[in-house]
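Just so we're on the same page, our numbering is the position in the sequence shown counted from 1, plus 7.
In case anyone wonders, no lab produced these hints; they're calculated from the structure. Be careful, since some hints might not be right.
What the hints assert, rightly or not - Pairs of lysine-lysine residues, derived as DSBU-like cross-links and limited to a Cα-Cα distance of at most 35 angstroms, are as follows:
1) K247 to K135
2) K103 to K207
3) K123 to K82
4) K181 to K23
5) K181 to K141
6) K23 to K237
7) K123 to K69
8) K37 to K113
9) K44 to K17
10) K134 to K37
11) K23 to K218
12) K175 to K103
13) K240 to K44
14) K37 to K78
15) K23 to K37
16) K17 to K69
17) K37 to K17
18) K181 to K134
19) K69 to K175
20) K120 to K141
21) K162 to K247
22) K17 to K162
23) K78 to K101
24) K82 to K120
25) K265 to K175
26) K120 to K69
27) K181 to K162
28) K82 to K44
29) K37 to K69
Said to hold, decoys possible - Distance ranges between label pairs, derived from CB positions:
30) E183 to I143: 38 to 48 angstroms
31) T64 to K134: 31 to 41 angstroms
32) T64 to L253: 51 to 61 angstroms
33) L177 to N239: 14 to 24 angstroms
34) F212 to G238: 22 to 32 angstroms
35) K134 to D170: 34 to 44 angstroms
Even glycine gets a Cβ: it sits at the ideal position worked out from N, Cα and C.
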Amino acid sequence: MARGIIRHLKRMYAPKHWMLDKLRGRWAPKPAAGPHKLRECMPLIVMLRERLKYALTYREVKMIVMQRLIKVDGKVRSDMFFPAGFMDVVQIEKTKENFRLLYNTKGRFTLHKIVKEEASYKLCRVKKVMRGPKGIPYAVTHDGRTLRYPDPDVKPNDTVRLDTESGKILDYVKFEPGNVVMISGGNNIGRVGVITHREKHPGSFEIVHIKDAVGHTFNTRLENVFVIGKGNKPWISLPKGNGIKLSVIEDRNNRLTK
8 MARGIIRHLK RMYAPKHWML DKLRGRWAPK PAAGPHKLRE CMPLIVMLRE RLKYALTYRE
68 VKMIVMQRLI KVDGKVRSDM FFPAGFMDVV QIEKTKENFR LLYNTKGRFT LHKIVKEEAS
128 YKLCRVKKVM RGPKGIPYAV THDGRTLRYP DPDVKPNDTV RLDTESGKIL DYVKFEPGNV
188 VMISGGNNIG RVGVITHREK HPGSFEIVHI KDAVGHTFNT RLENVFVIGK GNKPWISLPK
248 GNGIKLSVIE DRNNRLTK
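Build out the structure end to end from the sequences listed, making use of the hints.
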């Protein structure tokens, strides 16, 4: 009988979007417990070694994080297994670089380079709004934050803009037709479009219909939809391709013209 937590992860069972090669070893880094789920995050070691190529080995990554050079959402993280996830801001002050973790239309994390001004805030999807002890209202976000005294107008599925330094809510946007969204799960992950309407199915999954910038329509479950701006103006800069999914042929032609 297994006792205690499992600290290992086999290479074959690591999330596909980390894009680790199968034959480089038996093991993969297992993310620590944190604000994002194991299969919806990217640990700092994968980010620094496989994506940014700032280190070649496990030891080199350890040296980088132990020098307290990496900040996630404005906080220094010295654990190389810390799980960074969707919408997190990663700052490396030594290289003067700021990244936001977003999905591309193939479902992989992309480290989208942003300017310093944009790195000062992040968007958080509100999962639930409740009252705590002494009737204090609070909102719980997709990245595990508890925000006390949110605006009374903020409801589940809305998005709040958060100052990463102070942890305070700067602004919010409602989940309603006409607002621009990014899909954070399911088959249409990474796509960006505008909500056209929302289908309610009591006792089942609510379906949201979305139209992208080139006129393609698609639909997905409500929990996969993340509002990123008012009207068709996103509050964050978008990665290459602007969240428009290309067909297999369009994708091939793009690659050939490079």
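Structure-based check of each hint:
1. K247 to K135: holds (32 angstroms)
2. K103 to K207: At roughly 46 angstroms apart (the allowed maximum being 35 angstroms), K207 and K103 break the hint.
3. K123 to K82: Distance ~15 angstroms between K123 and K82 Cα, so the pair holds.
4. K181 to K23: This hinted pair holds, its Cα atoms lying about 33 angstroms apart.
5. K181 to K141: Holds - the C-alpha atoms of K141 and K181 are around 27 angstroms apart, at most 35 angstroms.
6. K23 to K237: Answer holds: K23 to K237 is near 33 angstroms, not above 35 angstroms.
7. K123 to K69: Within the cut-off at roughly 26 angstroms; holds.
8. K37 to K113: holds (23 angstroms)
9. K44 to K17: holds (17 angstroms)
10. K134 to K37: holds (26 angstroms)
11. K23 to K218: Holds. K23 to K218 sits at ~28 angstroms (cutoff 35 angstroms).
12. K175 to K103: Satisfied, since the Cα-Cα distance of roughly 25 angstroms is no more than 35 angstroms.
13. K240 to K44: holds (29 angstroms)
14. K37 to K78: Cα-Cα ~20 angstroms, so holds.
15. K23 to K37: This hinted pair holds, its Cα atoms lying about 14 angstroms apart.
16. K17 to K69: holds (20 angstroms)
17. K37 to K17: Judged against 35 angstroms, a Cα distance of about 9 angstroms means the pair holds.
18. K181 to K134: holds (13 angstroms)
19. K69 to K175: Distance ~32 angstroms between K69 and K175 Cα, so the pair holds.
20. K120 to K141: The hint is violated at about 43 angstroms.
21. K162 to K247: Roughly 31 angstroms separates the two Cα atoms, so the pair holds.
22. K17 to K162: Since the Cα atoms of K17 and K162 sit roughly 40 angstroms apart, the hinted pair is violated (cutoff 35 angstroms).
23. K78 to K101: Holds, because 11 angstroms separates the two Cα atoms, which is no more than 35 angstroms.
24. K82 to K120: Holds, at roughly 18 angstroms.
25. K265 to K175: violated (43 angstroms)
26. K120 to K69: The hint holds at about 23 angstroms.
27. K181 to K162: holds (8 angstroms)
28. K82 to K44: holds (19 angstroms)
29. K37 to K69: Roughly 15 angstroms separates the two Cα atoms, so the pair holds.
30. E183 to I143: 38 to 48 angstroms: Hint violated: Cβ distance 27 angstroms, outside 38 to 48 angstroms.
31. T64 to K134: 31 to 41 angstroms: Taking Cβ atoms as reference, T64 and K134 lie about 38 angstroms apart, which means the hint holds.
32. T64 to L253: 51 to 61 angstroms: About 36 angstroms separates the Cβ atoms of T64 and L253, which means 51 to 61 angstroms is violated.
33. L177 to N239: 14 to 24 angstroms: Since L177 and N239 have Cβ atoms about 21 angstroms apart, the given range 14 to 24 angstroms holds.
34. F212 to G238: 22 to 32 angstroms: Holds: the Cβ-Cβ distance is about 27 angstroms, inside 22 to 32 angstroms.
35. K134 to D170: 34 to 44 angstroms: violated (20 angstroms)
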